[in-house]
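**Student:** Taken in sequence, the protein lines are chains A and B. Start counting at 1 in the first sequence, then tack on 1, and there's your number in this note's numbering. Start counting at 1 in the second sequence, then tack on 79, and there's your number in this note's numbering.
Source of the hints: derived by calculation from the structure; they are not laboratory data. Among the hints, erroneous ones may be present.
[As the list claims (entries may be wrong)] With beta-carbon atoms standing in for the labels, derived distance ranges: (1) H122/B x R141/A: 36 to 46 Å; (2) L110/B x M69/A: 16 to 26 Å; (3) D152/B x P415/A: 52 to 62 Å.
[Stated by the list, open to error] Computed far set for chain B versus chain A, every beta-carbon distance over 10 Å: (4) M93; (5) L95; (6) A96; (7) E125; (8) A135; (9) P140; (10) L160; (11) F164.
[Stated by the list, open to error] A few chain A residues that face chain B, going by a derived Cβ cut-off under 10 Å, partial list only: (12) L190; (13) V205; (14) I578.
Ideal placement from N, C-alpha and C gives every residue a C-beta, glycine not left out.
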Amino acid sequence: MTIRTPLRPLARILKARSSGENPDTIERENLRLRHEEMRDTTRLRAEGRLLVLGLCFVSAFVVVGLRMGQVAASNPEEPQAVTTGTSILAQRADILDRNGRILATNRTTHSLYAQPQEMIDPLYAAKELAKIFPDLSEDRLIKDFTGQRKFLWIKRQIAPEQQQAVHDIGDPGLLFGPRESRLYPNGKLASHILGGTKFGREGVMSAEIVGQSGIERYRDGYLRDPANGDKPLQLSLDLSVQSTTREVLFGGMHLLNAKGAAAVLMDVHTGEIVSMVSLPDFDPNGRPTFAGQNAADNPRFNRAVQGVYELGSTFKIFAAAQAMELGLMTPDTQVDATPPFRWGKHKIGEFEGHNYGPTLSLTDMIVKSSNVATAHVAQQIGVERQQAFLKSLGFFDATPVELTEAAGAKPLLPPHWSELSTITIGFGHGLSASPLHLATAYSSLLNGGTRVIPTLIKHQGPIQLGPRIVSPEVSAASRVMLRAVVAEGTASFGDVRGYKVAGKTGTADKPREDGKGYYDEKTISTFASVFPADDPKYVLVVTLDEAVETSGPKPRRTAGWTAVPVAAEVIRRVAPILGIRPDIETLALGQ
Amino acid sequence: MRSVYIVLSALFVMGLAVWAYKENYATQEVLRDVSQIQRGIGHQREELAVLRAEWAYLNRPGRLRDLAELNFDRLGLLPLLPEQFGEVISVAFPVEEDILMELDEPISVVGNLEAIAQ
């Protein structure tokens, strides 16, 4: 603290007074000096503050700059403190059945590769490898190991025991890469639906799994998306039902010497496919290669979806239902049934030359499966109305089911849809469609008359009714007719006690591959059924390829003797699994 | 008084520094633990996937069917068939031991006091 200099120092004032000067100038002089001093100290303080503030800013900018540089120069990596709930392996999503049982999952295996320049004893390694993997040739391996190559794959996928055996060779040039591979624990079951997978782009540390066919390929995007790793794809299939259907169908196919068989079991209200079997089938864990000529003999060929066949008399119910829907007929209307039906130079007769004439009621036309009466009905309906009706049932397009193969399986329609085409299509000839088409159409017609879309994905939420095809009354009347077919007509073997099966048989001669007419002794026999008839729940379509029943004096090929008993056994075994109670009253009465 | 403040704040800052130092190492320790646990979870998930696959493989319907047939003597398992459904009404009531048997005919119980007295 400096001593303040007084503004009017007495000594100077007195001196000034004595010399006659104005003493106020001294005061002003001192005041000025004091103000200058004050100004200097304030300036100094302000400059100091500015400096501190400036330093603060500089250090803040330096910190920001350093951090930016650090962020820009460092490697990007996830913050470790964040815990994640998802699985650490980016796996392909599982496929489950409707009850959550596994249809397809992943397992970790290893691939085997070699870096020959690292090898110590290539000859010994080649010899031992050829012992472990019999399909590898020792000479080839020696050539690869001693040549110029720096890298080669030996095996895409090896089992743990094989891996141990390779470890035991002890060569540092033999290396393993982790591999995820797709596993189908149920083997051949649902093989056509699942399809199969293959490896896509391969690296040492991992390989892509790519869907090769079936739903694995159709839903490849979903299954591969890492975000869906823990969200499995749930199908509408029921594993137990699928297994039972396959077992029964397999037995039936062998008993009846059939070359192939297909079955589709569909929920009539939702269009969910509960079971779909095509025989012969294959193991998707190791997809077979096929070298044959005829694509239909390939075990990978899905008869239920890809096989388009003339489905024969099963189509007659469409003509009858449409005639009722248009108000042309009632179930009791009499239809001319005197054979032959003539159209131009063409003649249409009944199966095995029967004569159901002179007239049949519409119901009896279905029960007796009369071609002639159906031809009359189809003629009355006409070309355009029939086309519109079949189109509304889905016979003009490939089925929209979630399989890659489905899009390629378009129904074969007549190139020129004349009146004759209408007549023959009325009883199921001239239009080829897959069993899945037929199951969809039967579901749509018989569930109360609304269109269903076939699907393999489990249905969630309330049922949305599709566009109306026929009125509920026509649908009910159609079911009564089909019930009569089973109760008293061509499908009497299909009457499973307690389940009120309704259905229609169809037997069609197979067309020759060279396009010249039909085979005499090769048939496609089909039984399309719905159960229970009074409260429909499921539609079952069974198709047998070249089935023949030989217990009688002469071989029988009609669906009533081949497809119907197989379908009946399927229903008898499958309906209890689906939780449908048999009607005890009718069971007790032995009906 | 001033110097007391200065000393106290210096001590406070030193305390904070020690705390921050400890927290830093504690955090690193926890991060190591977490990454170890996550690796563990990864292994467990992998194991779980293998077990689920194995379970599905062992429970494949074809194998169960064969096993049921092989062990039919002991288990007597049959496929589910419509005949196995029943009505609740056809299930018999359990037969209880009738402890009140004596009171079935109340007439025989109602007696005459004089008869007993005699």
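**Student:** Hint by hint, note whether the structure agrees.
**Tutor:** Hints versus structure:
1. H122/B x R141/A: 36 to 46 Å: The hinted range 36 to 46 Å holds for H122/B and R141/A, with Cβ atoms some 38 Å apart.
2. L110/B x M69/A: 16 to 26 Å: 24 Å, holds
3. D152/B x P415/A: 52 to 62 Å: Holds: the Cβ-Cβ distance is about 59 Å, inside 52 to 62 Å.
4. M93: Holds, because the least Cβ-Cβ distance between M93/B and chain A comes to about 22 Å, which exceeds 10 Å.
5. L95: 19 Å, holds
6. A96: Holds, because the least Cβ-Cβ distance between A96/B and chain A comes to about 18 Å, which exceeds 10 Å.
7. E125: 6 Å, violated
8. A135: 4 Å, violated
9. P140: At about 3 Å from chain A, P140/B fails to clear the 10 Å cut-off, so the statement is violated.
10. L160: The claim is violated: L160/B sits with its nearest Cβ about 6 Å from chain A, within 10 Å.
11. F164: 5 Å, violated
12. L190: 7 Å, holds
13. V205: For V205/A, the interface hint is violated, since the closest Cβ of chain B sits about 19 Å away, which is over 10 Å.
14. I578: Where the cut-off is 10 Å and the nearest Cβ of chain B is about 6 Å from I578/A, the hint holds.
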